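With the sequences and hints as input, model every part of the structure.
There are 2 protein chains.
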Amino acid sequence: MKPEQAKKRAKELVAQMTLGEKMSQMLNEAPAIERLGIPAYNWWNEGLHGVGRSGLSTVFPQPIGLAASFDTELMKQVAVAFSDEARAKYNEFSSHGSRDCYQGLTYWCPNINIFRDPRWGRGHETYGEDPFLTGEMAVAFVDGMQGDQKECRKLDATLKHFVAHSGPEGCRHGFDAKVSKKDLYETYLWAFAYCIQKAKPAAVMGAYNTVNGEPCCASKHLLQDILRDELGFEGYVVSDCGAICDLHDFHHITEGKPQSSALAVNSGCELNCGDAYQGLVVAYEMGLVTEDTITKAVERLFQTRFELGMFDEKTPWDSLGYDDVATPAHKQLAREMAARSIVVLKNNGILPLSKEIKSIAVIGPNANNRDVLLGNYNGTPDQWITVLDGVQRNVGKDVRVYYTKGCDVVTKDVPKWEENTFQEALILAEKADVVLFCCGLNPRLEGEEGDAFNSDAGGDKTTLDLPDSQKKLFQALVKVGTPIITINISGSALAFHEIAEQSAAIVQAWYPGEQGGDAIFDVLSGAVNPSGRLPVTFYRSDDDLPAFDDYHMKGRTYRYFQGDPLYPFGYGLSYSRFCYQNLSIENQGDSLLFHIQVENVSDRDGSEVIQIYAKCMGDADEVPNAKLVGFRRVDIQAGQVWHGDITVEKKILYVTDQEGKSHIPQGRIHFYVGGHQPDAVSCRLSDTMCVEAEISL
Amino acid sequence: MKPEQAKKRAKELVAQMTLGEKMSQMLNEAPAIERLGIPAYNWWNEGLHGVGRSGLSTVFPQPIGLAASFDTELMKQVAVAFSDEARAKYNEFSSHGSRDCYQGLTYWCPNINIFRDPRWGRGHETYGEDPFLTGEMAVAFVDGMQGDQKECRKLDATLKHFVAHSGPEGCRHGFDAKVSKKDLYETYLWAFAYCIQKAKPAAVMGAYNTVNGEPCCASKHLLQDILRDELGFEGYVVSDCGAICDLHDFHHITEGKPQSSALAVNSGCELNCGDAYQGLVVAYEMGLVTEDTITKAVERLFQTRFELGMFDEKTPWDSLGYDDVATPAHKQLAREMAARSIVVLKNNGILPLSKEIKSIAVIGPNANNRDVLLGNYNGTPDQWITVLDGVQRNVGKDVRVYYTKGCDVVTKDVPKWEENTFQEALILAEKADVVLFCCGLNPRLEGEEGDAFNSDAGGDKTTLDLPDSQKKLFQALVKVGTPIITINISGSALAFHEIAEQSAAIVQAWYPGEQGGDAIFDVLSGAVNPSGRLPVTFYRSDDDLPAFDDYHMKGRTYRYFQGDPLYPFGYGLSYSRFCYQNLSIENQGDSLLFHIQVENVSDRDGSEVIQIYAKCMGDADEVPNAKLVGFRRVDIQAGQVWHGDITVEKKILYVTDQEGKSHIPQGRIHFYVGGHQPDAVSCRLSDTMCVEAEISL
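Residue numbers (the working numbering), protein chains in the order written: chain A, 296 to 992; chain B, 296 to 992.
Just so you know, the hints here were simulated from the structure itself, not pulled from any lab data.
The structure presented is a predicted model; accordingly, all values stated were derived computationally and were not measured.
Fair warning: there could be bad hints in the mix.
Claimed, not checked - Cross-link-like lysine-lysine pairs, in silico, DSSO-like; alpha carbons within 30 Å at most:
#	chain 1	residue 1	chain 2	residue 2
1	B	LYS726	A	LYS609
2	A	LYS726	A	LYS766
3	A	LYS945	A	LYS493
4	B	LYS495	B	LYS591
5	A	LYS726	B	LYS609
6	A	LYS692	B	LYS692
7	A	LYS956	A	LYS473
8	B	LYS493	B	LYS303
9	B	LYS707	A	LYS707
10	A	LYS515	A	LYS306
11	B	LYS495	B	LYS476
12	A	LYS493	A	LYS297
Structure (structure tokens):
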């Protein structure tokens, strides 16, 4: 129901609860209150790229790949499909009286933390390193999942993790992120603010860490002054799982559960993932929290349950059920999104694959690995199309496909009687017209604390290098002499400088979802003309990075990095060529309207991601490099000219001072409009032009 | 080349070696002797069901499934395909100068140990519990792999593990099998003797254990008196890997490597898998072994290398290469063999699946598990068709396929935030017209010492029960009420009494190879009319079994078991019905010719495994129950009568006395000819008739 009515109903219902009943509803495993007709409810649901951890669902590409599409329209379609499946599963479970974890409507996604350092293990859960791209993708996702029915919100979206949370994983429970006010507002808070303003997400999740000593789940400054007062957030706050206990166990800010719970609730954290809020009973007895505070928190929580229609006889989604889960249409969408997420980083002309090719050697530890399709926080699809599967399913019948693994994803100390296919890989490479070298990482090598195998680093990467086993195999394959198309499957940037030089083509495929293999072959074959763009910088070496635990933005991400990247943010090749002409900018009060003309000067239909970068020339508070302020993905047929407009809100152009305050930029603003970053000269296609203009606000 | 010439060439070549060079050639990693033009050679290759551990190959069903086909002709085709791939890989590797483990021509298969107890973890590597079936399948396999070219043996087959080797895995290195002479000859030696006589395998592998205190790799009694003198074996003996060190490390028969090596070589073990024979230098210095003995051993080894054509300029298989590996024809053969290996144990009429079925719920931990396809000692296919894949690939487009796992293969202690699909399984079962419950084990739960996860039992099963997690899921599914077709994927018998009662059908699929999912659906849909038969007894309970480490055959396997099995050896249903008539037996000197008439009295083409069981009525040395003495798999069209003959050699009918000597049975012999064991009354199809006759030899 509508917010006002839901608020009223929540107030009435909560008024009938005892204090103990109220407190019980603030745990993620909220028990039933049968005398009031309230069923049990578990608030915990995951849906970064499809319904997660709840069995059957369509698994879309991992968020870093969704971001690489730079396609807000398709992103919204993905979120609509995901939320249809989520509602369907809720209907099925609740009608069977099942109200366990991952069977509800309150979803703890998207993860909009800034992927500030490529070593962060969970970076692939995010939309990359740029606040504006993150904000735009998040708005599309939240819009899609929360639905457009004014009478009933479809799902609750939860922006996480508030705020400045991006590793290290190994010490996340006790970590204090030291963040300048400028970095906080210019980078870490930016997408939260943008998305709260544009998409009104129902919830925000507080992070494990503290920021300048302020605990993210228990700070009035962060949750009241900034989140609610400055950013205008009107929903509820949930703690990350176990984060309330971190206050006493790791941050040593409080003495125990009663004190931690009281501090969190008093600071504005209404819901506890975990069991720390069991300490609220004692906290109340100790006078640390008032019943009024508890009541207000529980009212917020029940308001959202009313808004979601949990107590309504009918909602617009009651007809959804398992026949709407993992449907052919959703699979097709997953394939399309995966194809658009793929970034071609190098192409010496070998792509798209020639019809003359009669044999393909598919080699590498990720060639036939099902796990890399799914990323993390994933559901379980009923179809898993690996790279090998994709080649076999789609290649012509007269093409011989050879497969061997060649090496493990990392060097393993295995007995000599175990299978070793290194030599076979070289022989098959020799026989084939082309090698698809399927390398990269997997979601266990880069992942969440406790979830990843590389326990030394607690889930984070220790280096940007491709693992030794794979480098060794690649170098041996190079010596064979057959052209190599490298398909890198990873959720983050790798520094594969040598591989880039010696490959005929490089295809960055992320963790591409259940239909990944088909999508990759769509790009290889040219059935889909690639249009993905990097949402993160690919650096040349570990040496390019500041210390991982240093939260200063200086030297990080394309906006601040002063070196020469291997591949820059926003970069990605097409099989078509695009030519920009006749840029004009119209000042429309609160926004600027960019009139843009792009011609597809090739004989192949294609898609271009038009990117607008801005650099405020006369403002000392401006970030070092031009920053993304607008983009649009457009389809342009061969030989055709696209004329269109992109609107850029002036607020997007504002710069942030040392106090974190934003202001109209001083001096003239230089705009670059093209298919890439303006400073990406070294790797920009020579025939992709960029148009420029300057104005003052 | 031919044996005589090879023997001569070997003698000449070995004569040029120093003593040290000779000794070096008795290790499985034999180094090159460049001055004599001898390349390095690693003797270790595995090929239980296709080229193993060597990268790309076609993976056929695990041997227990091959045996369940009761199809010697198809078995030979499988062995021919496997040996084509093996030769192809040898050609590719050796022409690239690569001579590592799993790149040669000397294969350490088949495993013809008797699967005397269903708890043995490696039982699925064998052809089951019956000596005659084992012998027949082994002959077909060895014939197929060794080839029919008199000038050049295609591969070396190695019968293993000589002898009386079948667990326990956990203590195999120091285990003494206490075996009566009668059991030794009647059961444990039988298939070795049969196969050596019929197929002349190039090699025999000695087992880890001792037999009545005699070490299998270092006993003159076993290796000379029995193997060579009695059984007529003319090839070479290789030790199981590390088995020579077991002599001093675990059996405590010798003091160290020199003594163990000397004892083994002096007893007739020419080749050492491992490095114990490095001790031969010291053994020679100590006077424990003579140069003449060493020379004779090395001559045997080089004779086989010459026979394999390793030193020839040309062999009949030189044209084979990777284009003969994992071919469509081999995949088709793998699918056909898998379909014929599948045993339908129960069918209330639900199979084959009706065209009216519009939705199928594929549920269970083995439904979409790639690992269970491959068994152990497997290669790496380029296609893996799970049960789920098979249903999706072959089912009509208008049929909705639901999938969820429902439970893990064993009960795991997992955090509550991990995916749990138990409830989803029940909901999907409710929605579907039929449930395919895909249960069973996997090759990690039943496997080899060190290879399996259930380390408590060292790879063996501790119980015949289906794991609790799966039983619990099944019972919940039963309550839903949708008909359940249980597909049990395991390499051995399980005691799933309750599941059998409550399932509409039971399909035993073994570890069905890379094409398993297609083959299973072939049987479910009726595209293939099932004809597989159990090569092992399915008991009702653990209580039916003697102690696992007791090697007495009393009470074990269908020949000695006095209880009522759940499903007997030889059992398996068809969608057709067969009627036996007009049996007559013709005495032909050394053999009996059975004239048999079988009518397919159904309206569906089918295959029948005609089985001949014999019981010598007046001989006190006879095994307790009628034993298999002949079988033949025949295709019979609907309504047609098959007339044909099966020859049974009289020696097959001989009985074994307490001293292990065999003799012509006294009294009359009663023969039962039919589709099942004669005493399998309780589960025999009422309409499958059996014909009987009696003769004296």
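Right, here's what the structure says about each hint:
no. : hint                : result
1   : LYS726/B / LYS609/A : 22 Å, holds
2   : LYS726/A / LYS766/A : 21 Å, holds
3   : LYS945/A / LYS493/A : 15 Å, holds
4   : LYS495/B / LYS591/B : 20 Å, holds
5   : LYS726/A / LYS609/B : 22 Å, holds
6   : LYS692/A / LYS692/B : 23 Å, holds
7   : LYS956/A / LYS473/A : 18 Å, holds
8   : LYS493/B / LYS303/B : 25 Å, holds
9   : LYS707/B / LYS707/A : 26 Å, holds
10  : LYS515/A / LYS306/A : 24 Å, holds
11  : LYS495/B / LYS476/B : 24 Å, holds
12  : LYS493/A / LYS297/A : 18 Å, holds
Comparing the model with each numbered hint stated earlier shows that all of them hold.
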